[in-house]
Amino acid sequence: RKEVEQDPGPFNVPEGATVAFNCTYSNSASQSFFWYRQDCRKEPKLLMSVYSSGNEDGRFTAQLNRASQYISLLIRDSKLSDSATYLCVVDFGNEKLTFGTGTRLTIIP
Amino acid sequence: NAGVMQNPRHLVRRRGQEARLRCSPMKGHSHVYWYRQLPEEGLKFMVYLQKENIIDESGMPKERFSAEFPKEGPSILRIQQVVRGDSAAYFCASSPLGRRETQYFGPGTRLLVL
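Protein sequence lines correspond, in order, to chains A and B.
Mapping of the first sequence onto our numbering: residues 6 to 114, in sequence order.
Mapping of the second sequence onto our numbering: residues 186 to 299, in sequence order.
Calculated from the structure, these hints are not laboratory results.
Hints may contain errors.
Straight-line Cα separation of at most 25 Å, DSS-like style, residue types lysine-lysine; simulated pairs [said to hold, decoys possible]:
| id | chain 1 | residue 1 | chain 2 | residue 2 |
| --- | --- | --- | --- | --- |
| 1 | A | Lys47 | A | Lys7 |
| 2 | B | Lys212 | A | Lys7 |
| 3 | B | Lys212 | A | Lys50 |
The model shown is predicted, which means the values in this text are computed figures rather than measured ones.
One chain only, chain A, in its complex shape (with noise of 0.2 Å):
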């Protein structure tokens, strides 16, 4: 089993749709839980951390729930400009982050 699992996706969806993303780990005493984007040929951006509370950042909500080691991202009033890759990201204490593969989003307009 992969440390973290993501669907690869593709996601096509319309501009404007609410769209979201789901993420699993595999380590119970993982510590700090990532989203980032990854547009082609470039370099990951962090895009926001995830905290036990939930938190929010303008159309972007992120979740974390450490009981069933599960992490998603909401993504509302999608834009042309969100269409990216979405790489899930876990610290697992150990000063290095493990990837997922990655959720490929594509927004149509």
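Once you have looked at the hints, place chain B on chain A.
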């Protein structure tokens, strides 16, 4: 305030040659991490360094790969006797002392082995 810098951005090598990838962390950052991304795969941790110290190299292949972060100058990832399977994007990230969670990534070096 320059971000993480990597060079070269693209590197072509023939099998058996050496590849040297450089990473200059953000100003004030003393932690450097190297990751590899194979085509259509996620990023995989390779090595974590601080100045003059390798902290964790658990993700490095046992042979042909080495990394350093000298007191002066950039961090270097060195691949000796490259093979086709080494073709990948190599990303460097840095973080400031005491804030290990926040890693900022460089633009990557795309290595192609012919």
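Now the hints, each set against the structure:
For the given pair, Lys47/A sits about 24 Å from Lys7/A by alpha-carbon distance, which is consistent with the 25 Å threshold. A distance of roughly 35 Å separates the Cα atoms of Lys212/B and Lys7/A; the hinted pair therefore is violated under the 25 Å criterion. In summary, the hint linking Lys212/B to Lys50/A is supported, as the alpha carbons are separated by about 18 Å, within the 25 Å threshold.
Violated hint: 2 only; the structure is consistent with all others.
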